[in-house]
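Student: Residues per chain are reported as follows:
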Amino acid sequence: MNFVFALTAAVLFGAGAYLLLKHDLVRVVVGVSLISQSAILALIASGLTRGQAPIYPLRDAPISDPIVQSLALTALVIGLAVTALLLVVVDRVSHAFHTITQDDVAASEAARDAALERAGAGAEVLGE
Amino acid sequence: MTALALALVIPWMAGIVLVALDGRRRLVGWLAIAALGLHLGALVALAIDVVPGRAVRFVTGGWPADVGIVMRADTLGIAFAMISAVMLLAAAVQAVLEGVGERTFPGLVLLLATGLSGLFLTGDVFNFYVFFEIAMTAAYVLTTYGGGRRELGAALVFAAVNLLGSSVFLLAIAGVYRVTGTLAMETISLRMASVEPNAAILIAVGFFIAFGVKLGLFPFHFWLPTVYTGARPAAAAILSGALANIGAYGLLRFGAELLPNESALGATTLILIGGASIVYGGVLAVSRRDVAETLAYSSIGQVGYVLLALGVGGPVGLAAAVLYALVNSLNKTMLFLAVGVRGGLIGAVFAVGALSVAGMPPAVGFLGKLALVHTAIVARSPALVVLLVAGSALSFVYMFQIYQHEFWRGPRPGHRSPWPLQVLPAILALLVLTAGLWPEPLLAVSRDAAAVLSRGGQR
Chain A
9 MNFVFALTAA
19 VLFGAGAYLL
29 LKHDLVRVVV
39 GVSLISQSAI
49 LALIASGLTR
59 GQAPIYPLRD
69 APISDPIVQS
79 LALTALVIGL
89 AVTALLLVVV
99 DRVSHAFHTI
109 TQDDVAASEA
119 ARDAALERAG
129 AGAEVLGE
Chain B
2 MTALALALVI
12 PWMAGIVLVA
22 LDGRRRLVGW
32 LAIAALGLHL
42 GALVALAIDV
52 VPGRAVRFVT
62 GGWPADVGIV
72 MRADTLGIAF
82 AMISAVMLLA
92 AAVQAVLEGV
102 GERTFPGLVL
112 LLATGLSGLF
122 LTGDVFNFYV
132 FFEIAMTAAY
142 VLTTYGGGRR
152 ELGAALVFAA
162 VNLLGSSVFL
172 LAIAGVYRVT
182 GTLAMETISL
192 RMASVEPNAA
202 ILIAVGFFIA
212 FGVKLGLFPF
222 HFWLPTVYTG
232 ARPAAAAILS
242 GALANIGAYG
252 LLRFGAELLP
262 NESALGATTL
272 ILIGGASIVY
282 GGVLAVSRRD
292 VAETLAYSSI
302 GQVGYVLLAL
312 GVGGPVGLAA
322 AVLYALVNSL
332 NKTMLFLAVG
342 VRGGLIGAVF
352 AVGALSVAGM
362 PPAVGFLGKL
372 ALVHTAIVAR
382 SPALVVLLVA
392 GSALSFVYMF
402 QIYQHEFWRG
412 PRPGHRSPWP
422 LQVLPAILAL
432 LVLTAGLWPE
442 PLLAVSRDAA
452 AVLSRGGQR
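Line order of the protein sequences matches chains A and B. Heads up: the first sequence begins at 9 in my numbering, then just goes up one per residue. Heads up: the second sequence begins at 2 in my numbering, then just goes up one per residue.
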């Protein structure tokens, strides 16, 4: 069972990392959320025990670990909120840059850097 | 315990209310500042209890210790919480004086304060993660402050990279729970010694990557310059003065207290990465002309010193790491707040900042460098001393290069800023000088904080 969980988490992480390196920003967001799913799966797998539901009064039978369930729920909620936030940022970027690919965003950054560099060199000449 | 609860509840509640109000109105801004002041007051009250060496500790909801979530305040946590609170307060005052441009800004600063003090004052690794995400989420939105194209691009890079870091952190927590069966830091540090080495090393690497990304250490620094130069000065001051403390605190707490054996095993790697950060940050900072960009690369270099001291370890090394992290936070906030301001006092602020970053006597940065050199001498390593001196020389060059470019070349472009805006960085500069001239309190705090960590390691 551990192996199945480990394999699934690894595949999710790999797929997420692949998408994270894509140019399309929506794919980047999907990649981030896949990676966070892989972490949540690992969290569930870290306390994988079979048994009764841990409801008081406890019987003698072994109980299943409730902590990982609550951790996974908390992490899921955080993951959902953060994915929503990231999608909003992508939406605003697509309005501001009229594009949703990382290349164009980076290209406009590079253009700004080059302009700054030229301005700096100009000031250098003036200063001397 | 009341002070600890108040320190979390005040900014939390105030933040929730103020996020819903229009933060562009002066009143809302000043309310946020008042709440930050109360928050700082609660932390001071807590510090009065904690600093004599009595850690405050309680379990939420009155549960037994291994069931409920442990909140605890020790010298290390309270020192980082207080410096972050002061820096957030300074950045918020600056933003309000300039006129807040976004509805949510004051509320988000309060929520960031909640997340930061929560994670500095918790004794539970998963609770650390939750507060960490509260702080990071507020920071993602704060990075977009200003709402221009550059800010948005910076926020996107910042959020995507740091979410990856958060997931790695969560994976490491899953690993810790798997091998120790608990989430309470005190119990983890007891049980970690008997864990199978391979698993422990993997976990340590996971935590190191997570905090390295946050801190912008050399191989994980790629997002940092874009973000620090893209964001507005107030936002950049918050990111580098308050948020970067998470990385330094996390490395100290998880590296030195929870995983001391693994840190000792990886000491050479830590020192090498720290050295690479110092050289890389210093050289690139020298090559930049833009003030914000120079400061961004300087941040990469400065955190290298913290890692280096952590790598050497021992009471002297850890105390130097704590001291340097606190000093760096103060320096960076002061300088970033001064970036957008014009006027006579700002020249003096930059001079003090340059002295402090380079590690020259009257400023507090001298203490940090002195502690680091002491660490290198205790470690009997001439190579480290050479590295420290070379790093300081680089920071001297880039800081005075900024000074020369900005202040010795005729008037800077732009109008003189109003007095209150100039006075604020000047107050921080006075703080830098005072702490440099009267260093005992800061030295005592960092020594006590290091003692907390090495106690964790010896048990």
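The hints are simulated quantities; they were obtained by calculation from the structure and are not laboratory data. A couple of the hints might just be wrong.
[Unchecked claim] Per the computed footprint, the stretches of chain A lying under chain B, defined by three or more beta-carbons under 8 Å from a beta-carbon of chain B, are:
hint, segment
1, 40 to 47
2, 59 to 70
3, 85 to 92
4, 98 to 107
Note that CB positions come from ideal geometry on N, CA and C, so glycine has one too.
Student: Holds or violated: the segment 85 to 92 of chain A covered by chain B, criterion of 3 or more residues with Cβ-Cβ distance under 8 Å?
Tutor: Since 3 is at least three, the answer is holds.
Student: Verify this for me: three or more residues of the segment 59 to 70 of chain A with a beta carbon less than 8 Å from a beta carbon of chain B.
Tutor: Violated, because only 0 residues of the segment 59 to 70 of chain A bring their Cβ atoms closer than 8 Å to Cβ atoms of chain B.
Student: Tell me whether the statement that chain B covers the segment 98 to 107 of chain A is true, taking a Cβ distance below 8 Å and needing three residues at minimum.
Tutor: holds (count 5)
Student: Within the segment 40 to 47 of chain A, is the number of residues with a Cβ closer than 8 Å to a Cβ of chain B three or more?
Tutor: holds (count 5)
Consistency note: the structure conflicts with earlier hint 2 alone.
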